[in-house]
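Undergrad: Here is how the chains run, residue by residue.
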Amino acid sequence: MKNHFREQAVEALADPSIRDNFRGAMDFLRDKRQAAFPNNDELAELRSLGHQIKANTLSRLPDLLEQLEENCTKNGIHVHWAETPEQACEIIHSVIKQHDGKLAVKGKSMVSEEISLNHYLEAQGIEALESDMGEYIVQLANETPSHIIMPAIHKNKDQIAHLFEDKIEDVKYTESVDELIGTGRRILREKFFEADIGLSGVNFAVAETGTLCLVENEGNGRMCTTVPPVHIAITGIEKVVEKLSDIPPLLSLLTRSATGQNISTYFNMISSPRKTDEKDGPKEVHLVLLDNGRSRMFQDETLQQTLRCIRCGACMNHCPVYSRIGGHAYGTVYPGPIGQVVMPQIEGLDKQGEMTEGCSLNGACGEVCPVEIPLPSLIRKLREQKAALPSRGRKEAIAWTVWKGIYGTPFLYKCFTYAATRFRHVSPKSIGSWTDYRVAPKPAPKTLHELIRERKND
Amino acid sequence: MNTTKTFKANKPKKIYFFGTCLIDLFYPEAGISAIELIEREGVDVIFPQQQTCCGQAPFNSGYSQEAIDVAAMQIELLSEPIPVVVPSGSCASMMKHHYPALFSNHPMCEKAVELSTRVYELTEFLSRVLNVVLVDRGKPVKVTMHTSCSARREMGVTEDGLSLLKQLSQVDVCEPERASECCGFGGTFAIKQPEISAAMAEDKCQAIIQTGASQLVSGDCGCLMNLSGMMEKNNQGIRSAHLAEFLLKRTQTTD
Numbered sequence: 001m002k003n004h005f006r007e008q009a010v011e012a013l014a015d016p017s018i019r020d021n022f023r024g025a026m027d028f029l030r031d032k033r034q035a036a037f038p039n040n041d042e043l044a045e046l047r048s049l050g051h052q053i054k055a056n057t058l059s060r061l062p063d064l065l066e067q068l069e070e071n072c073t074k075n076g077i078h079v080h081w082a083e084t085p086e087q088a089c090e091i092i093h094s095v096i097k098q099h100d101g102k103l104a105v106k107g108k109s110m111v112s113e114e115i116s117l118n119h120y121l122e123a124q125g126i127e128a129l130e131s132d133m134g135e136y137i138v139q140l141a142n143e144t145p146s147h148i149i150m151p152a153i154h155k156n157k158d159q160i161a162h163l164f165e166d167k168i169e170d171v172k173y174t175e176s177v178d179e180l181i182g183t184g185r186r187i188l189r190e191k192f193f194e195a196d197i198g199l200s201g202v203n204f205a206v207a208e209t210g211t212l213c214l215v216e217n218e219g220n221g222r223m224c225t226t227v228p229p230v231h232i233a234i235t236g237i238e239k240v241v242e243k244l245s246d247i248p249p250l251l252s253l254l255t256r257s258a259t260g261q262n263i264s265t266y267f268n269m270i271s272s273p274r275k276t277d278e279k280d281g282p283k284e285v286h287l288v289l290l291d292n293g294r295s296r297m298f299q300d301e302t303l304q305q306t307l308r309c310i311r312c313g314a315c316m317n318h319c320p321v322y323s324r325i326g327g328h329a330y331g332t333v334y335p336g337p338i339g340q341v342v343m344p345q346i347e348g349l350d351k352q353g354e355m356t357e358g359c360s361l362n363g364a365c366g367e368v369c370p371v372e373i374p375l376p377s378l379i380r381k382l383r384e385q386k387a388a389l390p391s392r393g394r395k396e397a398i399a400w401t402v403w404k405g406i407y408g409t410p411f412l413y414k415c416f417t418y419a420a421t422r423f424r425h426v427s428p429k430s431i432g433s434w435t436d437y438r439v440a441p442k443p444a445p446k447t448l449h450e451l452i453r454e455r456k457n458d
Numbered sequence: 001m002n003t004t005k006t007f008k009a010n011k012p013k014k015i016y017f018f019g020t021c022l023i024d025l026f027y028p029e030a031g032i033s034a035i036e037l038i039e040r041e042g043v044d045v046i047f048p049q050q051q052t053c054c055g056q057a058p059f060n061s062g063y064s065q066e067a068i069d070v071a072a073m074q075i076e077l078l079s080e081p082i083p084v085v086v087p088s089g090s091c092a093s094m095m096k097h098h099y100p101a102l103f104s105n106h107p108m109c110e111k112a113v114e115l116s117t118r119v120y121e122l123t124e125f126l127s128r129v130l131n132v133v134l135v136d137r138g139k140p141v142k143v144t145m146h147t148s149c150s151a152r153r154e155m156g157v158t159e160d161g162l163s164l165l166k167q168l169s170q171v172d173v174c175e176p177e178r179a180s181e182c183c184g185f186g187g188t189f190a191i192k193q194p195e196i197s198a199a200m201a202e203d204k205c206q207a208i209i210q211t212g213a214s215q216l217v218s219g220d221c222g223c224l225m226n227l228s229g230m231m232e233k234n235n236q237g238i239r240s241a242h243l244a245e246f247l248l249k250r251t252q253t254t255d
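If you read the protein sequences in the order shown, they are chains A and B. So for the first sequence, my numbering puts the first residue at 1; every next one is plus one. So for the second sequence, my numbering puts the first residue at 1; every next one is plus one.
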């Protein structure tokens, strides 16, 4: 089914709470990021290094993935490959079934959203409980994340207070953020101990050492990956990096770009299941590596750059479109500029092509991207591919052919501008949606071409 | 990224002026003003009459072949090795930064790359190449400037426009809130996503009005058309003009 971006955006624009919540949050995150990078030269150097590291990784992606598998296996981590979301869900389900699991606690993972894991498991009678506070709120509200690192950013504290009051037993309405967080913590704490399975994402998977790195702020990621007897991590194949020394610059870029933190509160490095002399940690660790269109992106030299993404969310924080319509309006798992690049490549331009139009090519996203992904160029490239499809808008194709006929023929162009200036008083007062919000521009009495010819003749 | 040859050492004797299609039809005074600002520094201005459009709109819409066909004609018209001055950050950026990629698999690739090294946005040319000195002859006025996203992020000329304005002693330049955020124009974006575009333009207009300035200037007529069009529709009277027109008027001697 085709995704109707524009209709969804119009709906979102009409909701003042979306406008307010996002504007406030995005302003806050922009300021935080800016404060975290006080030195422009250092930032430029670091971004360039991040770009290089990820580009080097991509240039050897198949080899590094093999190396990752080999070293993870040596460490006792079971590695699984999934080409599609369905395969990934089946793999995870089969591991859970082997352990007769009933309850899984989850750390934040956008790839798990990508494969709709919660719904899949629910249908199999397995409860998957989100333990990141934002994700917990979103799950409680039966919604989806509206931001890749701040999933509940579309809600303000009043809305969350009402949600907790409605959905959680014995919870009274309170707008105290501390009390609300306390409620969530109390409930989740018990679940960590009850759970048979811990699920998590991965921020970086180090090929050289077979290490899974997990960045988080709440400690829930550490609970999910250490308390339950089985830990299943899922990630996209692009999260692999070559060596451990690649991590410090990437981590620094990630946390500073995302939330303006120099380092996250927790940084977990998972290298193996619990060893015989260790007192904690899961008995089994599984890693599911998801393709879902990524190897297709890898084939195209330009679009391959999409795979450098470290999912910091800075592009959406700085996007003037995202800031106004929020994440749900995109109707996709990944919203904002990176979503506009990733989703059409995963799900196809016929379905997700329209969202590439939700961009003024202002370049704010590309300017802040910590790994220098030229997001506007990639959006433009996808528009080009869309314009080559049989399903392209016929009206638009005709309009550009006419445009070329006029602007590509100086004589016709002269006639056109002559007519437009001479008939300026009858030029249309209403030109579609432009004049719903603005007055129509009126051609000048004479064109610049004419004024210059007249100057010469003086 | 910055491949501009420096003509600083010796001021060029002549330059090409690429007027842009928007200025040609809607804002010719801006073009004439820009030409006069350049000519009064003793530089000859050549305006090839066959010029039409840089091709940015179809390029941004994914219609690259149409863009190439029209862009190729402009490249041929601007072939002498002299600077090309463009009174628009977005059209200048199209020619400077996007032509090389657009023509990368085209027989005219070399010409496109060569041209790109000679392209200047107007304020950049006035301030960095001609080092113009402006003497303000106008009355005190509060002005706010909007820098287009291409001028800011691709051409990197925000400071050039501001430094020219700041040379004017009677002009109080005030920056709107969130100055670096897009005004919502985006060429065909304003047509294809009118509601989002309008939401962005509304915020920008509000920020401009909040500065208390009585005059809005910009180096890009697309943004001006968007913002002044909305302010006029909402009866929010604030004058707007291309920066070139404003600079010329402020510095002309009245005879």
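Mixed in with the good hints, there may be bad ones.
What the hints assert, rightly or not - Which residues of chain B face chain A? A few of them, derived with a C-beta cut under 8 Å, are:
#, residue
1, Asp24
2, Gln170
3, Cys174
4, Phe189
Stated by the list, open to error - Here are the simulated distance ranges between beta carbons:
#, chain 1, residue 1, chain 2, residue 2, range
5, A, Ser245, B, Asn234, 43 to 51 Å
6, A, Pro38, B, Asn234, 48 to 56 Å
7, B, Gly212, A, Asn457, 39 to 47 Å
8, A, Gly348, B, Arg178, 54 to 62 Å
9, B, Ser180, A, Lys74, 43 to 51 Å
10, A, Val177, B, Val133, 33 to 41 Å
11, A, Gly348, B, Gln50, 22 to 30 Å
12, B, Asn105, A, Gln124, 49 to 57 Å
13, B, Glu202, A, Phe267, 40 to 48 Å
Simulated from the structure, these hints should not be mistaken for laboratory data. Bear in mind the structure is a predicted one, so any value in this text is a computation, not a measurement. Here a beta-carbon is modelled for each residue, glycine too, at the ideal position from N, C-alpha and C.
Undergrad: If you check the beta carbons of glycine 212(B) and asparagine 457(A), does the distance land in 39 to 47 Å?
TA: holds (44 Å)
Undergrad: Within 40 to 48 Å: is that where the Cβ-Cβ distance between glutamate 202(B) and phenylalanine 267(A) falls?
TA: Roughly 42 Å apart at Cβ, these two residues keep to the hinted range, so it holds.
Undergrad: Is it true that asparagine 105(B) and glutamine 124(A) lie within 49 to 57 Å of each other by Cβ?
TA: holds (50 Å)
Undergrad: Does glutamine 170(B) pass the interface hint, meaning its C-beta sits closer than 8 Å to a C-beta of chain A?
TA: Not OK, violated: glutamine 170(B) not within 8 Å of chain A, min 28 Å.
Undergrad: Does phenylalanine 189(B) meet its interface restraint, that is, does its C-beta lie within less than 8 Å of any C-beta in chain A?
TA: holds (4 Å)
Undergrad: With 33 to 41 Å as the target window, see if valine 177(A) and valine 133(B) comply at their CB atoms.
TA: Violated, since valine 177(A) and valine 133(B) (Cβ atoms, about 57 Å apart) do not stay within the stated range.
Undergrad: In this structure, is the beta-carbon distance linking glycine 348(A) and glutamine 50(B) contained in 22 to 30 Å?
TA: violated (42 Å)
Undergrad: Is 48 to 56 Å a correct range for the gap between the Cβ atoms of proline 38(A) and asparagine 234(B)?
TA: Distance hint for proline 38(A), asparagine 234(B) is violated at roughly 39 Å.
Undergrad: Interface hint check: cysteine 174(B), Cβ to nearest Cβ on chain A, cutoff 8 Å. Holds or violated?
TA: Since chain A brings no Cβ nearer than about 20 Å to cysteine 174(B), farther than 8 Å, the hint is violated.
Undergrad: Check the following: the C-beta atoms of serine 180(B) and lysine 74(A) are separated by a distance inside 43 to 51 Å.
TA: holds (49 Å)
Undergrad: The hint says 43 to 51 Å between serine 245(A) and asparagine 234(B); measuring C-beta to C-beta, is that right?
TA: The hinted range 43 to 51 Å is violated for serine 245(A) and asparagine 234(B), with Cβ atoms some 56 Å apart.
Undergrad: Okay, glycine 348(A) versus arginine 178(B) on CB: inside 54 to 62 Å?
TA: Given range 54 to 62 Å: violated, Cβ gap about 35 Å.
Checked against the numbered hints above, the structure breaks hints 2, 3, 5, 6, 8, 10, 11 and satisfies the rest.
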